[in-house]
Amino acid sequence: MALPAKPADWFDRIGGVNALPVLLMIIALPLVGSTSTWVTLTVAGLAMGMMIFLMASGLSLVFGLMDVLNFGHSAFISFGAFIGASVLAALAAWVGADSAILNFLALFAAIGAATTFGLIAGLFFERVIIKPVYGDHLRQILITIGALIVSEQIVLAIWGGNPVAVPRPAILDGSWIIGDIAIEIYRIFAFFLGLAVFIALKLVLNRTRLGLLIRAGVENREMVEALGFKIERVFVLVFMVGSALAAMGGAMWGGYQGLITGALGGEVMILVFIVVIIGGLGSIEGSLLGALLVGLLGNYVAFIFPKLSLASNMLLMMAILLWRPWGLRPALKR
Amino acid sequence: MSDTILRLDDVHTDIAQYQILRGVNLKVPEGGVYVLLGRNGAGKTTTLRTVMGLWRARKGAIVFRHHDITAMHTADIARLGVAYVPENMGIFGGLTVAENMRLASHSGVFDPDRLERIFTLFPAVKTFWDKPAWALSGGQKQMLAISRAIIEPRELILIDEPTKGLAPAIIRAMIDAFSEIARDCTILLVEQNFQFASSLGTGVSVIEDGHIVHSGSMASLVDDAGLQTRLLSLSLDAHQ
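Residue numbers (the numbering used here), protein chains in the order written: chain A, -16 to 317; chain B, 515 to 754.
Hints listed in this document are in silico derivations from the structure and should not be mistaken for laboratory results. Among the hints, a few may not be true.
Pairs of lysine-lysine residues, derived as DSSO-like cross-links and limited to a Cα-Cα distance of at most 30 angstroms, are as follows [what the hints assert, rightly or not]:
1) A/K185 to A/K213
2) B/K541 to A/K185
3) A/K213 to B/K541
4) A/K213 to A/K290
5) A/K185 to B/K645
6) B/K573 to A/K213
7) B/K640 to A/K213
8) A/K213 to A/K114
9) B/K645 to A/K(-11)
10) B/K678 to B/K645
11) B/K541 to B/K678
12) A/K213 to B/K645
13) B/K640 to B/K678
14) B/K645 to A/K114
15) B/K573 to B/K541
Note that the structure is a prediction, hence the values are computed from the model and not measured.
With the hints as constraints, model all of the structure from the sequences given.
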């Protein structure tokens, strides 16, 4: 078989930008040195990536469809984490029980409570905060940052300023040991939850009429309306789902960290923005790719070049934007 | 005398600080192709967008049949049976041709006879049915845009400069297609290609600086080179 003539052809033949996470894993293997450490870092990176994907996918759709710069997105992450922690603390008997069923019931109650809060708060946020400032980016930035400050103070007032411990259900606590490879069970769960959400989003976007409207609305809202659909209704729904996913991601992130403070949302938000920007606005696939790259790179760099770990994601964003200014998989715009 | 399907009474539309329409009075009779001519920047596109509710009239009234649609939501205007084909065609490039069509069909289910008629008018739509719309040529995109407008029964179709950038062969195909489409609905066509417009239009209005300066039959405008020159700074001969 003849080799492709140009590097671009070769890159496309192996899957193009979709192959970037795999390429990153392959490049990291010799740099990490130890296979067991590489597996541990890779699983941690994938799990972290999936949790960031949960938080970023909604924001990407909100950006892409509604053209709304929502700097208050991290409020949903914070509330999700604290609500999840509170539910797990309230269900401490189930969390620590020997029964896997009770463990999962406690976990799903926590995730469910956080997600439900995200849905309801998202509806309120869109109607009261966002709706009056559609089409005005400056006001959007100001009002959503204002709403973020208010919500951070509410978190502080309810849960206090001290770090809050997030209990992990017994079944997800600990690691699977395979040879000299240790894999945290919670990370496996986080990965598969993120994957399930990605598949569900893909199915809704690609197989339903609502998904068709969302994809069309991301490209050209005006034309969707000219075809007879009131796009504002889709806006509200997308905003609610985006907020719910952020809260779900926050609940998972809280369990991942083990100890949370009111600053959690703001800290994660930097990663979320990087993911949305490098993935491409309005694209679920782009968000997933960006999140996996951020998660993997963060873990590899922290191990290989610890001093570079803080800068690694910024460097990744710079490199990708220099290469593809619209991100890896942006939704088409008119 | 045919009924009026669309009436604009003293319509004023502003975009930012600019007054674009300054009292447009227009009556579009039912049936056939009615053409709105005018120089660049005269207010043709703004007229169509104001009718569709994409820009709001500051003053005046727009009546579609017996409905006052001046302040109506764009989606509600579309649901009354008004379709809009913008100058940029408004194709969703990230969707397939089939998905573009499905979106335009309100129930999501196609009327087989209507779809077959579209395939006859525009075979390219059938050929590229499962292809992404971004991959279509300019002419094919225009065909898809028109097909999307007629996949549902419509009473009025607003079409903005459909021949812009198209090859002569495609324009000839468009003339045939528009003649066929106009058999069961009304087309309000904004066009700068006078030859294309005159071969289709029955009635014509000319807009200049935000208001209508002439309305009449297309035949009389075609026959009157002096009027063409005065209104449009052109003559049909110059465009043949």
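* Asked: Taken at face value, is the distance from the CA of A/K114 to the CA of B/K645 at most 30 angstroms?
  -> 36 angstroms, violated
* Hey, B/K678 versus B/K645, does the alpha-carbon distance stay inside 30 angstroms? -> 23 angstroms, holds
* For the pair supplied as a hint, B/K573 and A/K213, is the alpha-carbon distance within the 30 angstroms limit? -> 24 angstroms, holds
* **Restraint status (C-alpha distance of A/K185 to A/K213 at most 30 angstroms)** => 22 angstroms, holds
* Asked: Are B/K541 and A/K185 close enough, with their CA atoms no more than 30 angstroms apart?
  -> 47 angstroms, violated
* Assess, step by step, whether the Cα of A/K213 is no farther than 30 angstroms from the Cα of B/K541, and give holds or violated. => This hinted pair holds, its Cα atoms lying about 28 angstroms apart.
* To do: For the pair supplied as a hint, B/K541 and B/K678, confirm whether the alpha-carbon distance does not exceed 30 angstroms.
  => 25 angstroms, holds
* Given pair status - A/K114, A/K213, alpha carbons within 30 angstroms -> 14 angstroms, holds
* **B/K645 paired with A/K(-11) [C-alpha distance capped at 30 angstroms]** => 26 angstroms, holds
* To do: Quickly compare the C-alpha distance for B/K640 and B/K678 to 30 angstroms and report which way the hint goes.
  => 23 angstroms, holds
* Verify the proposed pairing of B/K573 with B/K541, using a straight-line Cα cut of 30 angstroms. => The given pair, whose Cα atoms are some 17 angstroms apart, holds under the 30 angstroms limit.
* Asked: Hey, A/K185 versus B/K645, does the alpha-carbon distance stay inside 30 angstroms?
  -> Satisfied, since the Cα-Cα distance of roughly 19 angstroms is no more than 30 angstroms.
Comparing the model with each earlier hint shows violations of hints 2, 4, 14; every other hint is respected.
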